[in-house]
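Okay, here's what each chain looks like letter by letter:
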Amino acid sequence: MGYFLFFLLAALTVGAVLAMIISKNQAYNALFLILAFACLGGIFALLEAPFIAVVQIIIYAGAIMVLFIFVIMMINVRYGIPAEKKKWTIYLSIVLAVVLIIELILSIKGAFTLPVSTAIIKAGPTDLGRLLFTKYLYPFEITSILIIAALVGAIVLIKKKEKK
Amino acid sequence: MNLPILSLVTFLPLAGAVLLIFVHHERKNLLRVLSLAVAIITFIFSLSLYFNFNDQIPDPQFVEKADWLGYGIKYHIGVDGISLFLILLTTLLMPIIILSSWTYIQKRVKEYLIFMLILETGIIGVFVALNLFLFYVFWEAMLIPMYFLIGVWGGPRKIYATLKFVLFTMLGSLLMLVAIFFLYSMYYKATGVYSLNLFDYYGLILNPNIQIWLFLAFALSFAIKVPLFPFHTWLPDAHVEAPTGGSVILAAVLLKMGTYGFLRFALPLFPDAVMKFLPLLAVLSLIGIIYGGLMALIQKDVKSLVAYSSVSHMGLIMLAVFALNTEAIEGAIYQMLNHGLSTGALFLIVGILYERSHTRMISDFGGVSKQMPVFSAFFLICMLSSVGLPGLNGFIGEILCIFGIFKANKLLAILGISTIILAAGYLLWMFQRVMQGPITNEKILSFKDLNKREIVYLVPIVIMMFWMGIYPKPFLRKMDSSVTQLLNRVNKREIYFTQSRKDKDFLLEIEPITTEEKNEQKEDKAR
Amino acid sequence: MTEIFWLIPFIPAASTLILAVFGKNLPKKYVSFQACFAVFASFVIAAISAVGLLQTAHASYPLVKNLFSWIQAGSFQANLSLMFDPLSAVMALVVSGVGFIIHVYSVGYMADDEGYTRYFTYLNLFTFSMLILVMGSNLVLMFVGWEGVGLCSYLLIGFWFEKHSAANAGKKAFIVNRIGDAGFLLGILFIFIHIGSAEFTAINQAISGGALSAGLATLIAILLFVGATGKSAQIPLYVWLPDAMEGPTPVSALIHAATMVTAGVYMVSRMNLLYTLSETAAQVVALVGALTAVYAATMALTQNDIKRVLAYSTISQIGYMFIGCGVGAYAAGMFHLYTHAFFKSLLFLAAGSVMHALSGEIDMKKMGGLRKYLPLTYPTFLIGAIAIAGVPFFSGFFSKDAILTKAFAQGQDSAFYYFIWGLGILGAVLTAFYMFRLIFVTFHGEERIDPEIKKHIHESPKIMTIPLVILAFFSVIAGYIGLPVVLGEKLNFFGKFLEPVIKEVHEVHLSLQTEWTLIAVASVVALLGIFIAYVFYIRSPMIPRNLAARFPTIYKLLFNKYYVDEIYNAVFVNPTVKGSEIIYDNFDLKVIDGAVNGTATATGFTGKILSYFQSGLIKDYALIFLLGVIIFLAYLLF
Amino acid sequence: MIPPNYFLILSVILFVLGSVAFFVKKDLITMFMSIEIMLNAANLAFITLARSANSADGQIIVFFIITVAAAEAAVGLAIILLIFRQKKTIKSEDIKLMKG
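Residue numbers (our numbering), protein chains in the order written: chain A, 46 to 209; chain B, 51 to 577; chain C, 5 to 642; chain D, 37 to 136.
Derived by calculation from the structure, the hints in this document are not laboratory data.
Predicted model, so just to flag it, every value in this text is computed and none were measured.
Below 20 Å or equal to it, Euclidean Cα-Cα: the simulated SDA-like pairs (lysine to any residue) are:
1) B/Lys115 with B/Tyr234
2) C/Lys494 with C/Leu516
3) A/Lys130 with D/Lys135
4) D/Lys62 with C/Ala626
From the derived model, a few chain D residues whose C-beta atoms are all more than 10 Å from chain C:
5) Tyr42
6) Leu85
7) Asn90
8) Thr103
9) Val104
10) Ala105
11) Ala106
12) Glu108
13) Leu117
14) Arg121
15) Lys124
Partner residues are not named here, just some residues of chain A that face chain D (Cβ under 8 Å, in silico):
16) Met65
17) Ala75
18) Met119
19) Ser138
20) Leu145
21) Ile166
22) Asp172
Note that beta-carbon positions come from the ideal geometry of N, C-alpha and C, so glycine has one too.
Use the sequences and the hints to build the structure in full.
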């Protein structure tokens with residue numbers, strides 16, 4: 046069951062990302078991405094991280110991607126974007142990506158022998174909440190400041206200047 | 051009374067600058083009065099340094115020590131006979147500069163005054179710092195206000211001039227930073243103690259081969275600042291473009307930081323290297339004397355004339371420094387003060403002329419004496435002080451320098467003495483073309499003689515010129531013991547030559563340190 | 005009583021200070037009173053001290069008053085201390101005495117000048133500096149005075165600075181003097197290094213004790229003499245003095261005739277032990293003096309500017325003083341200095357009176373026949389001329405004779421001194437000639453005065469003529485305190501007075517007969533010169549014109565002062581300025597600054613090349629980033 | 037249970053796909069999305085390793101990453117919007133103000 050779910054979700058994720066790469070419509074891209082993120086949420090659940098899985102779906106697939114879609118709507122590029130002049134960057138990047146994938150797989154080779162952990166870990170919302178307010182209190186608070194700053198920053202950036 | 055008087059003198063201007071930030075920029079007169087008050091109070095405080103200075107002690111006095119960043123980086127300041135008068139010169143000139151900029155600076159008055167006060171802190175900091183890191187911080191910090199002073203309030207080519215000035219100085223000081231780090235890490239390797247204390251380094255006896263590189267790094271930085279021929283070309287540009295106040299502080303104090311650096315760091319830290327480079331440096335100084343004089347002779351711009359005269363005068367000071375005997379070094383320090391006063395005064399005077407005529411070209415003037423007799427008298431006195439006329443300050447410094455050089459090397463002195471002819475040549479010729487002769491330019495007829503403010507700020511300088519020329523004892527006496535100690539340090543090299551050494555070691559030996567210092571180092575280790 | 009001598013220089017100093025600071029608001033009358041009074045007070049104190057000196061035992065010479073330790077650093081020590089001995093006394097008396105008379109004269113001469121207060125400030129400052137020069141107890145202090153008088157000379161020559169020529173002359177004087185001063189300073193340094201002190205007493209002791217080798221003594225003596233050639237306008241540094249006549253005439257009288265320019269003679273006399281030690285140096289002094297004496301006299305022959313003639317005459321007369329010093333007759337040199345102060349300042353002041361009468365005219369060609377207009381100036385001028393020409397029974401005769409006699413006497417040792425003596429005699433003829441040429445052209449003959457000026461012609465006011473009369477009186481009698489030795493040792497009071505300070509080593513005695521012959525020669529020579537002048541300018545005025553026409557080259561050479569100014573300009577001044585300009589344009593701006601700016605340009609160029617990588621496209625940056633990651637990973641993996 | 041290397045390989049694939057997408061896509065928004073993919077790949081790796089280490093700390097990190105990603109998305113999209121307003125394009129190639 047577990048394997049089946051995993052492969053299904055993995056295939057969906059990879060497929061969605063590939064579709065995103067191929068598709069030229071931005072709105073579709075965003076939708077594919079939502080699909081990919083939602084599937085990832087499922088994978089997180091498989092990894093016994095229910096809270097993160099939910100957060101992934103709500104925040105990532107939900108909130109963040111909605112933001113994207115809003116922006117795509119606001120910008121609303123009707124005509125397709127013309128092809129780039131500088132092609133060699135793309136080809137080179139693909140070559141590099143192949144190298145990268147080899148290197149990355151080589152680098153996680155050490156993890157292949159990791160034993161499958163069967164221990165039950167405490168990672169429910171309560172546990173995470175306790176951790177957040179004890180061990181990670183400062184980072185947590187700092188993150189809140191970061192979010193405020195980002196919020197203010199975004200507003201300031203977007204705000205149209207008053208005409209004097 | 052346990053007032054941290056030295057810190058007070060150092061940071062009072064900075065505090066004043068902070069205060070000025072809160073004053074509205076339109077209230078120009080309030081700004082000026084406030085900054086003047088700060089500068090005067092600083093000067094008064096610095097006077098107490100003079101009066102409480104014990105001339106029997108060669109080591110720094112009014113020492114203040116506090117931890118700062120750890121790893122040997124400490125707040126460690128003090129004053130000895132070498133730096134005492136340079137601080138006083140700075141604090142004396144600052145009110146004068148502020149007064150001289152009273153009407154000269156009209157745009158961005160607030161920023162100008164703030165930068166001036168920050169600059170004062172930076173300069174005093176350089177002279178009092180006894181921790182190499184602290185010294186470096188001040189050394190660089192002082193560049194920033196100077197950069198803006200030239201770059202914002204300068205003449206038409208100000209950007210070029212200010213960039214040239216800053217880059218030139220940076221080039222040297224970065225090398226110095228590398229050398230400081232090198233010393234620091236080597237000291238740590240050798241002793242296991244982090245230290246940037248200058249006096250710990252004085253105790254080192256370094257491998258001569260390494261000394262050479264360290265000395266070059268330090269010397270380049272200071273030589274650019276002095277400026278020693280052939281690193282002088284930033285000076286005329288910076289002077290010509292800088293506003294009056296900037297020129298004054300640049301000529302009067304900033305150049306002295308170079309010679310001060312030689313006396314405080316380059317000579318006592320690397321005595322063997324000094325011996326090796328002595329001929330080269332002496333010859334460069336000598337070239338500077340004659341070359342600066344000749345160049346000054348033909349300048350068409352009053353300010354660049356005075357700038358080249360600085361090259362010449364500073365050459366004499368450097369030559370005296372490298373003569374390495376008591377007379378010469380005391381003469382050099384004395385001459386630094388003289389040069390500060392007389393060249394500073396000359397720049398003030400050029401500024402006064404510029405404020406009236408908006409030109410600095412010699413050919414635009416002529417017969418100004420007729421129109422401005424009082425000004426003419428001041429000009430004459432300042433010029434004669436620069437020429438080194440007996441009875442005025444310049445003479446004492448010059449004769450001591452030349453005497454010391456003569457004692458060290460007769461040929462150099464004989465060639466160096468040409469300075470007294472050249473100085474008379476270019477300054478008198480300039481004076482003649484500007485002040486004498488018939489009035490050729492109609493503009494001059496509208497010149498007004500000095501107003502009270504201008505007289506007020508010129509009078510102290512003139513009084514000092516006479517005082518230092520007639521009764522130099524209070525000054526020379528206070529330098530004596532520090533200079534003697536300095537020379538002892540430079541002569542330390544003899545210890546090296548009497549013992550055979552392996553050349554690979556960086557550190558050859560550390561002089562025994564006092565128990566007090568030992569305890570301190572232990573504390574450092576404990577931390 | 006003699007203790008108060010140290011006040012002598014400080015009274016004029018105080019006066020200077022008051023005038024400099026408050027002068028603007030003081031009334032003219034008070035200014036002149038204070039200025040004159042200060043100098044007079046100095047004179048009185050100097051006189052009292054001198055009398056006191058006579059009553060003091062010789063062993064206690066010199067009296068020294070140490071005011072405070074001035075410069076002290078390491079082994080360099082100079083005190084601000086004044087000394088008083090016969091030599092200083094003579095100089096102080098001359099400076100304050102003649103100075104006082106000239107101050108008084110100036111009150112009249114400068115009455116209408118705008119810079120009245122400034123003038124007296126400078127004049128007082130000069131008196132102060134000069135007194136410091138003659139009373140300083142060490143070489144450093146002497147140097148202070150030495151430069152101080154140079155400064156005053158600069159200020160006073162350029163007193164009318166609106167005139168280009170005046171400003172130029174002042175500057176020239178200062179710079180030429182500085183060249184001499186550099187030599188002087190080096191001499192002082194040598195003394196300091198080798199003797200360890202600059203106090204005259206210490207130096208004299210050291211020299212007597214044989215501290216200096218002859219070679220070193222020669223070097224030092226010549227270096228010091230370089231300073232003297234500058235200050236006392238000797239070859240080759242005399243060029244500033246003729247130009248110095250741009251200043252007000254009383255200044256020419258005081259500074260450029262009576263006092264400052266003789267400072268070199270004073271200095272050589274003060275250092276007489278040194279010059280005695282080195283025969284070479286003494287010979288150089290004598291030779292330079294003799295050559296200058298003749299050379300300057302020849303230039304005086306053709307000048308038409310009344311003051312310039314006197315200026316060349318001054319140069320020439322100082323040459324005589326140096327002959328005196330060079331042949332070891334320091335007392336005679338000083339004696340000539342002393343008499344010269346009277347008659348030369350008289351001549352200058354009288355010339356000033358002539359100029360005053362003629363509304364500032366200085367060209368002799370526009371004078372003539374002035375005798376009847378200037379009833380007081382003419383006789384005083386004449387007395388001065390007679391005195392300088394060396395006519396017997398006038399002061400100049402005694403002093404010049406003393407020098408030449410000594411030179412001749414030295415000739416017994418070395419023929420070199422006969423040569424010096426010969427030049428001296430030649431100079432004496434020329435002196436008599438040009439002085440009387442001046443008299444005849446100015447006061448006799450046909451009137452060539454500008455009619456416009458003639459309307460205003462008048463004798464000077466009393467405040468100017470009385471000083472003339474006083475000086476004329478002294479020009480006649482001043483010589484009688486130093487009568488020739490032939491008449492009896494005791495009558496040479498002047499020489500006796502100076503004896504404790506000046507040790508005449510070369511005691512060469514001439515027979516009575518020779519001495520009388522020399523006196524006769526000197527008298528004849530002077531009269532001969534006057535006679536030639538009479539023939540040339542009164543009896544047959546065609547002769548000089550014919551001579552000029554027949555020897556145009558010589559005439560032109562003399563008239564243009566041997567083109568020395570031009571040569572100096574071409575050899576020293578112009579190459580320096582031009583060379584500096586070339587160096588500035590080609591080396592300073594192009595090579596040094598070029599290197600600096602070149603570095604900047606090179607940096608900029610490198611930046612430009614590197615900026616190609618900065619395409620501004622994020623993908624390029626990302627690509628480089630990716631490449632970096634790959635390399636980093638590869639590094640970690642392998 | 038599924039062995040962790042499965043997840044890790046998925047993470048690697050996602051990461052590389054994200055980076056390829058970054059280069060292949062032409063508009064800023066999709067490029068921005070590719071970055072999100074890479075972030076998610078990293079998240080996956082974190083959670084996988086946290087699972088095999090029996091620790092919740094990795095999840096906390098992911099939690100923070102998501103928060104930061106949200107902030108980053110807000111600001112980043114604002115910037116993109118601003119660029120679009122001023123330059124009327126979101127094609128990455130057209131935007132090279134920082135060209136040296």
